[in-house]
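Novice: Protein sequences appear in the order of chains F and Y.
Per this note's numbering, residue 1 is the first one in the first sequence, and the count goes up by one each step.
Per this note's numbering, residue 1 is the first one in the second sequence, and the count goes up by one each step.
No farther apart than 25 Å at their CA atoms in a straight line, the calculated lysine-lysine pairs in the BS3-like style are these:
1) F:K91 x F:K261
2) F:K81 x Y:K64
3) Y:K14 x F:K43
4) F:K100 x Y:K64
5) Y:K14 x F:K114
6) Y:K10 x F:K72
7) F:K69 x Y:K14
For the record, the hints were derived by calculation from the structure and aren't laboratory data.
Bear in mind the structure is a predicted one, so any value in this text is a computation, not a measurement.
Residue strings, one per chain:
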Amino acid sequence: MYISAQITVNTEFAEILIAELAEIGFDTFTENPEGIEAFALEKDFEQSQLDEVINRYTLLTEIEYKIYKIEKQNWNEEWEKNYDPIRVKEKILVRATFHKLDENYPYEIIIDPKMSFGTGHHATTSLMLENQLEVNHQGKNVLDAGTGTGILAIMAEKLGAKSIIANDIDEWPVANTKENIGLNGCKNIDVYQGTSIQLQDKNQKFDIVLANINRNVLIDEIPVYSRLLVNDGILVLSGFYKDDLDDIDQISKEYHLTRVKLKIRDNWVSPIFVKNNEQ
Amino acid sequence: MAKEITGYLKIQVKGGSANPSPPIGPALGSKGLNIMEFCKQFNARTQDQMGKVLPVLITIYSDKSFEFIIKTPPAPVLLLEAIKKQSGSAEPNRNKIGSVSWDQVKQIAEIKMPDLNCFVLESAMKLVAGTARSMGITVSGTPPWAN
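Given the sequences, and given the hints that come with them, work out the whole structure.
Specialist: As structure tokens, then:
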């Protein structure tokens, strides 16, 4: 559920009001001739904090607001209805349920994305899939951090992984991954809502960690991935630009990870690291 | 052939925080754009400005592709950051919520220059100082041009 606050106020106050509302949980704003509309996740919204800000403005200008609740729905449906299948290296076909089967591809993945990330259309997803083709998954334990549609976990199973754990911090991708696991007849994937940090306490180890997230989350979690990997384990990353590679390399090095491969497309990168033997 | 533009969307989003929720979801989704693509790009480009409100202008084309430019944060956002206060003041001249130095005004003006209709830094600084005053923030000291 989302909160929309439609605030009627002289537009000369718009920028200042936006700066203040950003401090109390609102994350996105639009301006209009009557004022502004501010959006927040319901969990980040406190009516009393909004009232406090609005009350201070009443001394200066005419201001009023209305709150609307917006139910979460699949706003990406229009795009998802029409998306074209994706082919990776003539080996992988990523398609929707409404596309025809194409037997010329050794690996086929069916994805019904429902507003989750990962259809192969984005350079980072297809680079991850390409890198997966070059990593031996046979009989391996795999972690897919920030799974989105579950596409990389599904690919891992198709490449022979023995057990795959997938996670995402959001609720929708977790539900969506479960659907896509079913569509692809996968049996070895477990998915949970949360982060990879939670796995550290379970003394679990992985042969391969896949993570297509973003620079900041990766920088935070690379130490965790390193701890979760066995010696000689493989880490495949993406979700950041070439300019950020130095930062990723630096932290990886600190945590015993050596970069062995790199793919670049449209300025997005996907490196592969190997964990060095620890003494 | 140049692509036909079918619309623009002007929004302000916190850096690194774009997600397929309103208004981004409904606005881009209704035009058949892939919302997830926008979010991934926007978030990757703003990793250095996490949590800071950034104006974005999205141009939408008839082939369902899009481009966007990210502008500098609004001056009030930078000013609030500068005084490290949780909120601005809506009572200018009565309830001062903090103060900034002319050096800080200069730093903010330099950040804002690309988006302001100013050719000289001094004019940009005067604009920023004006915004500060209307937020109830004092600019301490004397302006560099008064020396």
